[in-house]
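Trainee: Sequences listed follow chains A and B, in order. Residue numbers 1 to 125, in the UniProt record's numbering, belong to the letters of the first sequence in order. Residue numbers 1 to 543, in the UniProt record's numbering, belong to the letters of the second sequence in order.
Just so you know, the hints here were simulated from the structure itself, not pulled from any lab data. It is possible that part of the hints are untrue.
Think about it this way: if two alpha-carbon atoms lie no more than 30 angstroms apart in a straight line, the pair counts; the simulated DSSO-like pairs of lysine-lysine are [stated by the list, open to error]:
1) Lys382/B / Lys446/B
2) Lys124/B / Lys50/B
3) Lys72/A / Lys40/A
4) Lys483/B / Lys72/A
5) Lys102/A / Lys483/B
6) Lys483/B / Lys517/B
7) Lys382/B / Lys184/B
8) Lys45/A / Lys72/A
9) Lys48/A / Lys517/B
10) Lys40/A / Lys483/B
11) Lys382/B / Lys483/B
12) Lys483/B / Lys184/B
Since the structure is predicted, the reported quantities are computational estimates derived from the model, not experimental observations.
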Amino acid sequence: MLNQLSRHFKLTALLALILLPYSQLHAHAVVTDTSLNVEKIAPNKATKVRLTFNSQVELGLSQIFLVSAGDKMQLLNAEPGGHQGNVIIDIPPLTPGEYALKLSIFAADGHLSEDIVRFFVAEGK
Amino acid sequence: MEGIADFLDSLIGGVDLTFYSLAVGGLIWGIFVLRPWDPMAHYTNKFLSKSVHLTYVGAYTLVITQLAKIVLKIWLMTATLERWPFPAFANTVQFQAGLIRAFFALILALYIRNVLKHNFRITKYWLIGIVLALPMVISGAWLVHGASRLEDRELLMLFTVIHQVSAAVWVGSVFQLLSVWRMKSKGQINEQLWPALLWRFSPIGIVAVISIVASGLPIALHYFDSLNSLIGTGYGNLLLVKILMLGIALFFAGMNRRAVHDYFLSANNHDVNYRVPYYIEAEAFVLVTLLFTAASLASQPPAIDIPHLTASWQEVLNTFAPRIPRIESPSHEALLAGEEGRVAIVGQVPSEAATAWSDYNHNVSGIFLTIMSIFAMLSYYKKLTWAKYWPIGFVLLGIFLFFRSDAETWPLGPIGFWESTFNNGEVLQHRIATLLVFMLGLLEMKARLTQDPDSKLPYLFPILAAFGGLMLLAHSHVGFEPKTAFLIQVGHTLMGLFALILACGRWLELKLDSPGKEIAGFISVFALFQIGIILLFYREPLY
């Protein structure tokens, strides 16, 4: 009986290893504010955008992409802002249209997070 | 391979907390419950050696899991960044604190193996063990959620560490109690030791629970700004489930305490020997799931940070509202036609076909489970012998899910089986869930048909159900669209909780005598029915 129990235990342990939880890359470091909320991007002009995160981020292990129509990705330069949790990114000149920032952020607590910030570039009035 | 790295990365947090509990809880157990230096306790060397060994296993495996966490993180970052993450990773708090913690855990493990194991009757050596555990416990503060916060960082780190240590005392002691029971049932220890240790653990357990609540409350108050954020975010949802699980674990703990109290008052040892051990086993199920949920909670954005993405309580209630189940599926072609727009980042177009496809999958699964649970209820009437074949429903459900879970992959879609399984974490999870459901059906059917009264096969069903619940509780959809993802997650989380109740109920049905057996069995089947009902009315938000 012990052998039988041992066999079952091994099978269970094997299944446990396979079946334990998976969760997607979560959003722990999330954007709580951005300069895009108050300053719209003017067309055809390079600009800087500030992103404020809810936690400290490891910028050397993070990536921020500009996504344009057709989901074309372009890696952007990012630097620490003046305050903790602030990141300044360089946006190249953009033509009017819909865009997004796709973020892969490594938070200081070790969580790799993904987030998307959508925005529009429109001709000024 | 990124999918496997994701999977293991999310798994390792719960494993880490479990082994941490074995190590830290084992030392507290030794000092405050065992008190091996007491000459009146009449412990055998074999008994004490076993207890110390369990603590050693906790410390040693903690070293392995801590190092594995670092390796997995490197793997995951290499896959995500598509480059080697060093030297940047070497400068992170995660890397440095992780290595330091592994080092201190190794020191503790070596001390337990080489010193404490040979001197377990001397107080001084236990106290040195505690002193050696302290740096390991303290270094863990830099690895918790609060370490990355911008405000009240130190306080959050401190409260989280106290929270972890308190939980470790409870969980570690429960594992020690299970070990004591195992030795008692084999006749390896004095009969009186079992109730005596249960009695001694009781006040320690109460202090641990008070400490868990007292340290958890300020953390919760920091991360929530309203009652609605407790109901309308993934973070709040998981916290509520944690509180419910704490309630279930306390229910078992309360039953144990009453049984031990009765034993010392009336010398009636029936409950202490024929109920308490199994309540503790069920309590262990709940507590381990609680640890994995806690690890999952740490990867959610705190509710206070996402007020603009918080669902209202009306929206949450609406996800459970009864409606006519969808029993017609959109065509595979219609589904694939909408996929490009649905997953687009710029110019995203929600796909009605994708939502309908998902609703159909969930609703039909609900029909399977509801019918199965009704058959399971009928199977308690001995005359209805055909009803005992209800687990076959799991096999059929597994086949259904294999074809329907991921429409873009083999056998219906263009992406190959292996390619989709190992490169997409979500597909991997669905494949595992499908295998789990299929195995559940086969094993439970075999268990119910076996003629061997000593067969251990029936126990696999509650164990696998508990793992299924565990998986659901970590099945977070929070990603790019937190509010929509949360509305999907909330149903899954509740099903995870019911799966845990299903597991505990079935386990106790197999172990207890009457009338507890029948009550536990009914609760178990009712939990299955509830899962069926949630799936039956499931409706995915359009996104």
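Trainee: Please go over all the hints and tell whether each is borne out by the structure.
Mentor: Here is what the structure says about each hint:
no.: 1; hint: Lys382/B / Lys446/B; verdict: holds (18 angstroms)
no.: 2; hint: Lys124/B / Lys50/B; verdict: holds (19 angstroms)
no.: 3; hint: Lys72/A / Lys40/A; verdict: holds (21 angstroms)
no.: 4; hint: Lys483/B / Lys72/A; verdict: holds (26 angstroms)
no.: 5; hint: Lys102/A / Lys483/B; verdict: holds (18 angstroms)
no.: 6; hint: Lys483/B / Lys517/B; verdict: violated (41 angstroms)
no.: 7; hint: Lys382/B / Lys184/B; verdict: violated (36 angstroms)
no.: 8; hint: Lys45/A / Lys72/A; verdict: holds (19 angstroms)
no.: 9; hint: Lys48/A / Lys517/B; verdict: violated (67 angstroms)
no.: 10; hint: Lys40/A / Lys483/B; verdict: holds (25 angstroms)
no.: 11; hint: Lys382/B / Lys483/B; verdict: violated (48 angstroms)
no.: 12; hint: Lys483/B / Lys184/B; verdict: violated (51 angstroms)
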